[in-house]
Amino acid sequence: MKLVKYIFFDLVRSRFVFFYFLLLLLFTGTFILLQDDVSKVQLSLLNIIILVVPLVSVIFATIHWYNSAEFIEVLLAQPVSRKRIFISEFVALSLAVGGAFILATGIPLLIFYPDAVSLLLMVGGFFLTIIFIALAFWSAVFTRDKAKGIGLSLVLWLYFSLIYDGLVLMLMFNFSDYPIDKIVVVLLSLNPVDVSRVMVLMKMEMSAMLGYSGAVFTDFLGSSVGLIYSIVLLIIWSIVPFFWALRKFSKKDL
Amino acid sequence: MVKIRKTVLAVAFLLTLFSFHIEAKQILVSKNGNGISSLKTALTKVSAGDTIIISEGIYPEHGILIHIPVTIIGKNFPVIDGEAKGQIFYIDTSLVTITGLIIQNTGFSSMDDVAGIRTQHVSHITISGNKFLNCCYAIFLAASNHCIIQNNFIKGNPANQQLAGNGIHCWQSINCDINHNEITGQRDGIYFEFVQGSTISDNHSYENMRYGLHFMFNDNNRFVKNYFENNGSGVAVMFSKNITMLNNTYRDNWGASAYGLLLKEINDSYVLYNHFEKNTAAVYMEGCNRIVFSRNDFIQNGWAIRVQASCMNNTIAFNNFSGNTFDIATNGSLSLNIYSGNYWEQYEGYDLNKNGIGDIPFRPVSVFSMFSENMPESMVMMRSFCVTLLDKIEKVIPGVIPEDLIDNSPMMKKINNAYPGSGT
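Chains as they are written, first to last, in the numbering used here: chain H, 1 to 254; chain X, 1001 to 1424.
Don't take every hint at face value.
[As the list claims (entries may be wrong)] Beta-carbon label-pair distances, calculated as ranges:
1) X:G1086 - H:F173: 54 to 60 Å
2) X:G1035 - H:V38: 25 to 31 Å
3) X:D1268 - H:I111: 40 to 46 Å
4) H:A147 - X:D1359: 52 to 58 Å
5) X:D1359 - H:T30: 26 to 32 Å
6) H:L167 - X:I1360: 30 to 36 Å
7) X:H1124 - H:S224: 53 to 59 Å
8) H:Y212 - X:W1171: 55 to 61 Å
9) X:H1124 - H:V225: 56 to 62 Å
10) H:V38 - X:Q1308: 27 to 33 Å
11) H:I111 - X:S1257: 32 to 38 Å
12) X:D1268 - H:T30: 45 to 51 Å
13) X:G1086 - H:V38: 34 to 40 Å
Hints listed in this document are in silico derivations from the structure and should not be mistaken for laboratory results.
Ideal Cβ placement from N, Cα and C applies to all residues, glycine included.
Please model the entire structure based on the sequences and the hints provided.
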């Protein structure tokens, strides 16, 4: 716990988290002040949440890991287990970056528009922060080379926010003669960005616009079971890369 | 000369005699003793042109047949209660007026269309200022011409979804005027079939199970300044020509198969000064030709206009499109409709010569709306970064979207589409 506290305050004092906080606050503030309509504000913020939040989280976490390599090595010389160091780093980083997001975006949004969509946006954004920090740790542990590590995390970000959706769209097109709805649900579950996007949009216009041909999606993802499903998926998505990275880190020859 | 004078005198004398004879009488129907206590009995004592005044109270009657032209006036809303036993009024003769009644509980039947007031093969019926509560059909006009239905309040019973009928049902009639009615909780708020030359105006039709207005095979009609809100499937206008839709509001018709205005096989019609807000699809067009859409506002709809490829020679000009997920969607690669001078909120062009018209054309169809039109399930990918990127690329280099679907003179500023003379 002491370790978490120490890393956390170190992070909060660093300029980066502060700038990130300001940037998000600026976005949220402009959206709320300049747009007159709730759903427009929420949609603009959704774009920020599925693009900017993962990008910043993944890059910052990777850089942070490499920058604290020496600090970690010093710590390892002390009687502290690797697991504990790793968990502390992760928790502190999640608290700092995720906290910045919640303070700058989540809270103002909930104050101005207290509804289910705002809450889901906040939950989705926070989970995406954690997930992409975990992915960043995974790629940072994967290679010792800083440039390679950052490259790898960038590729991961690009994959989850762009390439993956392109592939799903292509698949839907090529197999549009077949009933692939259920497969698409599974595929969407395999991408945390899609999970949070669909989770939010199902509470907005998507469920009506899917119509009857998209009934599989609406019935499953649009229901309260779907909501629980999405959140469970997001939790799994935060845990799995984290433990994978932790296992790697524990065995790694530093 | 004298002869003529005599004839005139004789005729005048006869006329005075006659007029004495037909002087309309008033008959009072009342529950407290000073009159006849039953409407049915009163109707047996009337002659043409008489007035029946019903005073306050509950009259449990049904199957009231009116076959003499009379005026029925309710004082302080007397209640004619059908007690779920069947039809309440059946009007079998022209020139009948019914006003100021509460007509309730017709009962529901899957065999007959039971109505609060039914008219058949008559003309010049006026039904005004009544309240219809829990009726299967409230007003059922069959082959009834020159009827005026106004200021009625109609509230159905949404619990009875299977057997519910329509609020104002108008079949094979000419020159009817339906205005200032409030209709809710029925199957269709207003139902028109084979009706000609009629006007539907200033009605408020909301929260009906199916359509706010259901309109089939009616030529030469107008609907003006109606308010259609939150109906199961919005408004459907089908198989008609020469329809004018003016200054109506369609809003909150939201759901998997809800449309603000569904147009199917409509020709030579006008859709002007309407306001479409928060509908899944504000306008859905199929097989429509030569319709002019002008000065309409499309605000925050899922789709503003879904034009199927079977539509041609329609003009969409001087409308405002703002906050819609998709402005225009179509399912074909050929566009035979004209889009010009609209304000598109999604337009990102510039106006160097400051004439209020954007210098670069606008393509209102996004590639993703094309995808989803052909494959509705792909809607699940909406607003993903990949889709946004695809749309941007396609706007610059069109490949999938119809090349001709283009607004060459998009407006830079929102057009003021307030109806002339409406003040706002």
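Here is what the structure says about each hint:
| no. | hint | result |
| --- | --- | --- |
| 1 | X:G1086 - H:F173: 54 to 60 Å | holds (57 Å) |
| 2 | X:G1035 - H:V38: 25 to 31 Å | violated (59 Å) |
| 3 | X:D1268 - H:I111: 40 to 46 Å | violated (53 Å) |
| 4 | H:A147 - X:D1359: 52 to 58 Å | violated (45 Å) |
| 5 | X:D1359 - H:T30: 26 to 32 Å | holds (27 Å) |
| 6 | H:L167 - X:I1360: 30 to 36 Å | holds (33 Å) |
| 7 | X:H1124 - H:S224: 53 to 59 Å | holds (56 Å) |
| 8 | H:Y212 - X:W1171: 55 to 61 Å | violated (30 Å) |
| 9 | X:H1124 - H:V225: 56 to 62 Å | holds (59 Å) |
| 10 | H:V38 - X:Q1308: 27 to 33 Å | holds (32 Å) |
| 11 | H:I111 - X:S1257: 32 to 38 Å | holds (37 Å) |
| 12 | X:D1268 - H:T30: 45 to 51 Å | holds (47 Å) |
| 13 | X:G1086 - H:V38: 34 to 40 Å | violated (49 Å) |
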